[in-house]
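Please take these sequences and the hints and turn them into a complete structure.
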Amino acid sequence: MIVVSGARTYTSDGWQTCDVAIDGQTVVTVGSVPPGQGDVVIDGAGKVLGPGFVDLHTHLRDPGQTWKEDMTTGTRSAARGGFTAVLAMPNTEPAVDSGEMVRRCVRRATDAGVVEVGFSGAMSLGRSGEEMAHLDEMYEEGVRIFTDDGDTLVDGGLLRRIMLYLSDRKDAVIAQHAEDPAIAGDGHMHEGSRSQTLGLVGLPASAEIAVIARDLALVAETSARYHVQHISTAGGVALVRRAKEEGLNVTAEVTPHHLMLSEDNLGSLDANLKMYPPLRSIADREALVEALREGVIDAIATDHAPHTVSEKDVPFEVAPRGVIGLETAFPAALAALDGDLDLVFDRMSIAPAEIGKFPSQGKPISQGSPANLVLLDPDQSWVAGEFASRSKNSPFFGQELKGRVVATIVNGGIVHGGGR
Amino acid sequence: MSLFDIASLSTEEITEILDSAESMSHREPEGFSGRTVVPMFFEPSTRTRLSFDLAAARLAANLVVFDHETSSATKGESLRDTARTVGAMGPDLLIVRHEQAGAPEAVARWSGVPVVNAGDGRRAHPTQTLADLFTIRSHFGGIAGLRVGMVGDIVNSRVARGLLGALPALGAGVFAVGPPTFLPRHGEWDIEHRGDLDSVLGELDVVYLLRVQKERGGGLGYPSDSEYHTRYGLTERRSEMMKPEAVVMHPGPMNRGVEISGAVADSEKSLILDQVASGVPVRMAVMARILGGAT
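Line by line, the protein sequences are chains A and B.
In terms of the working numbering, the first sequence has 292 at position 292, counting the first letter as 1, and numbering is strictly consecutive.
In terms of the working numbering, the second sequence has 146 at position 146, counting the first letter as 1, and numbering is strictly consecutive.
Just so you know, the hints here were simulated from the structure itself, not pulled from any lab data.
Don't take each hint at face value.
[Claimed, not checked] Sample of chain A residues lacking proximity to chain B, with all beta carbon distances greater than 12 Å (derived): (1) T17; (2) T29; (3) G46; (4) T66; (5) E100; (6) A238; (7) R242; (8) L248; (9) V289; (10) R321; (11) A335; (12) Q367; (13) G385; (14) E386.
[To be verified] Listed next, the stretches of chain B that the computed footprint assigns to chain A, with coverage defined by at least 3 CB atoms under 8 Å from CB atoms of chain A: (15) 103 to 110; (16) 121 to 131; (17) 181 to 191.
Cβ atoms here follow ideal geometry from the backbone N, Cα and C, with glycine treated the same way.
Written out as structure tokens, the structure is:
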């Protein structure tokens, strides 16, 4: 039995300062545990205990690019960031586009994963954007999120057919990386004053807005369940806000880096600040933070995208896109949400567990609830620099961050910290 | 130590370099024999390359050529490894031209050797900017108070980018003229936009024409060369609308018959060859500043 003693705890009856006992994979006591009980006792005094974080957007690079990350290092990174579950993106090599690939990935996660791993499936075969992937096979294997992430599904006709095809399964989600490649062109960073000054080809906000606008028209026709991945623009937020008001079944996620950083951070052309969608303007960033607080944006998702030092240490324009994010997500969320822990747990655990269909995640703690938990110290500062991830391409590298993950418990086992 | 872009120089430093270039063109400069300059050009160049070579020769520095075409870079060696290799041999100064923005900074970081940026992508080409400032200053005796029209493909031009920052700082008024696809859209520079060339021509002291960049950026920003020439080309008819004492500049290479008519390029108003000539003393001044240990 594991006991977390005296933490301020996010329970189904609100915040309580109490002991929590875990037996097997379940919380067995929320209240008072007599001293001396428990094989492992984690001192929670002055700390915060809640349901573990759930990431809707993780690139584990396994199979295919395991020099950047693999199932073990990626899920260790998740554990270190307080995530008890992650949704793996299907842009592996080969892509996850069939039942067989899902089974292969699930086996790999069972063998080598440290936290729960869910798998999303590609919408199009081989993520080519040309024909439907094996949607039924993947659905049968438990896939509920379908996305060509990394690329946008550009063909509106194909997307409409996929939306219609899946519309009789209410739990199937169409998730879009919204970025029109023709508008985006050769862009490497947000089109704005920074791209103009630096002379880099800009990537206009309209590249995202245009795709979301088109997709929402398709959603209205097909009644599909639609999710906007890593939303980055005020214009995109406005469209999601209106779609929700109109009653469309739409959700959205935002990354920690888009909440915390803007194009103004790009003066040094550091490739660790290169990702798609790019860091946008300050006005965009403010709109994202506001929308997250209001709930127009439902969840924080990391878009954890590992690349090695030698891949990233090249001129900005030729650097691969993407940054890691699992291990710095909590302090970023805490800052963006102004220290409001109710919102942190909602946007990082409750909401993403619901969107990503993780039934044993994102549950406020109660007797009988699943033991997927995170213990946090919101006041502790630390310098980002050492990562469990195989890669180090963090936009927060070397920065002092406030808010630290003390321990992570998955299925009743301690996977990070806690004097393990 | 290195020179990556004009924006990192103060107006005082710009003036110092221009003063130093002026003295270079009058008297024999301090020699730098025994110091080694390595031009690393990863992109083709005629005038910039030759200008740096001549400038190094006049400084009596040893010029050791890095030939990109026959280097290991063509065997797939990364820029990082190439830079580290060159750096290990201990040259005193590298002159870097590369198609990617920020490559000169990266080469300086990897090699540990000071770098003069000789053009990185669409971003910066500081010695060209300084040569242009030197040309204007030499011709007019000063820069403050002049009205300069930058005409054409401004957003895709590393030359324009440098001048848009430096000219207003030195007291010149700057007009940006061209189709909206070519004009800066995000306020960062103290400049005035004019869509119509004819309406502004009579006010300008310097008409600075930019090369229509067909090789960079995302797609052509105008319908055809002939339409561009009709609306924005500096034709002979238009050149007659200029003030008598006004001059024409162009960073080269020119598209004759597109942004400038051949006759105007070769006319008395043209400072285009002065710009080329200015490159040598300015590059001498820049290299001397670095080799001489100025910070």
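Hint-by-hint comparison with the structure:
no. : hint       : verdict
1   : T17        : 51 Å, holds
2   : T29        : 56 Å, holds
3   : G46        : 43 Å, holds
4   : T66        : 21 Å, holds
5   : E100       : 35 Å, holds
6   : A238       : 21 Å, holds
7   : R242       : 26 Å, holds
8   : L248       : 33 Å, holds
9   : V289       : 22 Å, holds
10  : R321       : 15 Å, holds
11  : A335       : 27 Å, holds
12  : Q367       : 57 Å, holds
13  : G385       : 19 Å, holds
14  : E386       : 23 Å, holds
15  : 103 to 110 : holds (count 3)
16  : 121 to 131 : holds (count 4)
17  : 181 to 191 : holds (count 5)
Checked against the numbered hints above, the structure breaks none of them.
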